Amino acid sequence: MLKVTNLHAGIAGREILRGIDLSIDAGQVHAIMGPNGSGKSTLARVLAGHPEYVVTAGEVVFDGQDLLSMDPESRARAGVFMAFQYPVEIPGVNNAYFLKAALNALRAHRGEEPLDAMDFMVLVRDRMKQLGMDETLLNRPVNEGFSGGEKKRNEIFQMAVLEPRLAILDETDSGLDIDALKVVANGVNAMRRPDRASLLVTHYQRLLDYVVPDVVHVLADGRIVRSGGKELALELEEKGYGWLPAYAEASARPANAPDARGRG
Amino acid sequence: MSTSTQTIEQLANREYKYGFITDVEQESVPRGLNEDVVRLISEKKQEPAWLLEWRLKAYRTWLTMKEPTWGNVTYGPIDYQDMIYYAAPKKRPALASLDEVDPEIRKTFEKLGIPLDEQKLLAGVAVDAVFDSVSVATTFKVKLKELGIIFCSFSEAVQNHPELVRKYLGTVVPYSDNFFATLNSAVFSDGSFAYIPKGVRCPMELSTYFRINAQNTGQFERTLIVAEEGAYVSYLEGCTAPMRDEHQLHAAVVELVALDNATIKYSTVQNWYPGDKEGKGGIYNFVTKRGSCLGVNSKITWTQVETGSAITWKYPGCVLIGDNSVGEFYSVATTNNRQQADTGTKMIHLGKNTKSTIVSKGISAGHGQNTYRGMVKIAKGARGARNYSQCDSLLIGDRCGAHTFPYLEIKNSTAKVEHEASTSKIGEDQIFYCRQRGLSAEDAVNMIVNGFCKEVFRQLPMEFAVEAQKLLGVSLEGSVG
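First to last, the protein sequences are chains A and B. For the first sequence, the numbering used here gives the first residue as 15, with consecutive numbering after it. For the second sequence, the numbering used here gives the first residue as 2, with consecutive numbering after it.
Isolated chain A, as found in the complex (with noise of 0.2 angstroms):
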């Protein structure tokens, strides 16, 4: 479904990203891990098209078409869905109105009828259900005044109402309680399916204790130093970063390290 090959990206002239290769299918739940500062988040903005980052080198196909050729739009229209890791408030929009507006845009590029009003309701109610959500949710305005894990469940919310192909969570899960926590999951959980497939970037192995990962990444200044399965996790929580050889030589350089960091 997403193929990755030799991405390097940075921002403001400086790279980040040096060189990803990364390939997921249809059906399969990935985690990305890494120490803050190497590149983890910066590859999802890649992926849904950051207008800040710049891509220098390397190809990404998603359902065989050019991703890095399409607008944000495009990409969301296509089936990229990323929960952001500090979603952005708009003042005086209803979060309904504009969860509304965003799913008929995407029926509209699959030529589906736009829902109405009342089809919609039906369908947000469910999926509100379904993740154990506040209703008072949707008739505030989008994140505005919501709290950090009200906002990150927004996210979440919007990903089950819209139903992606590919859903790249960014750092969804930091700053959560465990009750909070618990919806990220259940939400990645529903997305399980054999047509879709989600990237979970994560800094802490906590989230993966209840979404199972197929595969996971292990990111360091800005290259994938190592995959494994689900155990790769566990064994990272346990050692940290410090053992991967690759991390060791990679924070020696001292051209990125500091400058990279808080970007996560």
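FYI, nobody ran anything at the bench for these hints, they're computed from the structure. Note that the coordinates shown come from a computational prediction; the quantities given were computed from them, not determined experimentally. C-beta: ideal position from N, C-alpha, C; glycine also.
Computed from the model, here is a short list of chain A residues facing chain B with C-beta under 10 angstroms:
(1) R59
(2) A62
(3) E66
(4) S88
(5) R89
(6) R91
(7) V94
(8) F95
(9) V102
(10) P105
(11) V107
(12) L113
(13) L117
(14) P155
(15) Q172
(16) L176
Dock chain B against chain A, hints included.
Quick look at chain B alone, frame taken from chain A:
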């Protein structure tokens, strides 16, 4: 330049949709302004002597006045002697039905999407169409007449209800009020007049579409609305003007009078030609709008959506004279390209327990400059007066500007006055977020801007609100990245 900035630019570069000229024979007075021109206008309109005198007093006062320079706007000098002060379509038959309206004019209205027909009745709107200074068609008068409501052109009111005009004209905006209002008082051509008798609730939205058409003709409308004791009226004013290369002056005066327990809602959507991207052409809009809450418990609400004009200079205000009277001002002003807006309100609290609310939303894109200027004055005798002001500015791109000048003058210690202000930028992140969900950058900006303006749009009558949202989208086209 990021892609979203490009999209905003594309939006901003959309051509003005309503730019065309109607070919109708015009009857004009000679270029320039002097006492003879004032007399000629009055004579053409067959006005009574007292009104001519009033115009002449205004003209003589105007000669002693200087054009104000305090506005946060810049423009070249206006040559008041190079303008034509009166123009009327030549064919002016007494109209029994819409069929008698000049086909050219009807075509123009159709292009503007003004449904001047029975559909309006279904929509609950009576239209008094002002075409270049003179009313050519008035509908649904009969229905309104049954209720004793007078809704007609200002000229007709002068002929048919001189006692009402004489009683209220200039009582809210005196002929000596300010440079532009005084000029208007001397040369006003036409406008609308509405009178709602005691205890009557006007069953439909009264609406007037203004349009500037004759070349080099400044428009000087004069509108007067009087709501008697316990009356209610909602009045809509929507404007478009054809594309022009030269700046056109527009100096209107609107006076509202609300007596005991009366309510007047006055809503404006202003979309005059803003000039091209370099700021060439466009309307100079210098308007004086004021309402007098004369009676106890009276209420006046101004709602405006200002998207057009090269320069907007207007401060719809309320003089709260009656005890417990309420004044409200809800405004959305957008400036794009080289547009400049200096707009806001004046709330003058004179009566006890008077209350005012100000919500101003300024949106700047391109090189647009947007200024909020508001005055809240609480007089010595205005015990228990309250004001709440909120001024928010939204910036799109990094070449535009937002400015806020709130003036507070409080002479009574029991007054409560609150002022809140904020400035924000449409972030790339907001736009990216929307695009990641499948919305185009254009739709994203529209959604963000409309969210920003929600509190104001909520005040507009339903169909007007929809129109305003669309208009906002059009006027900000090309402004997002």
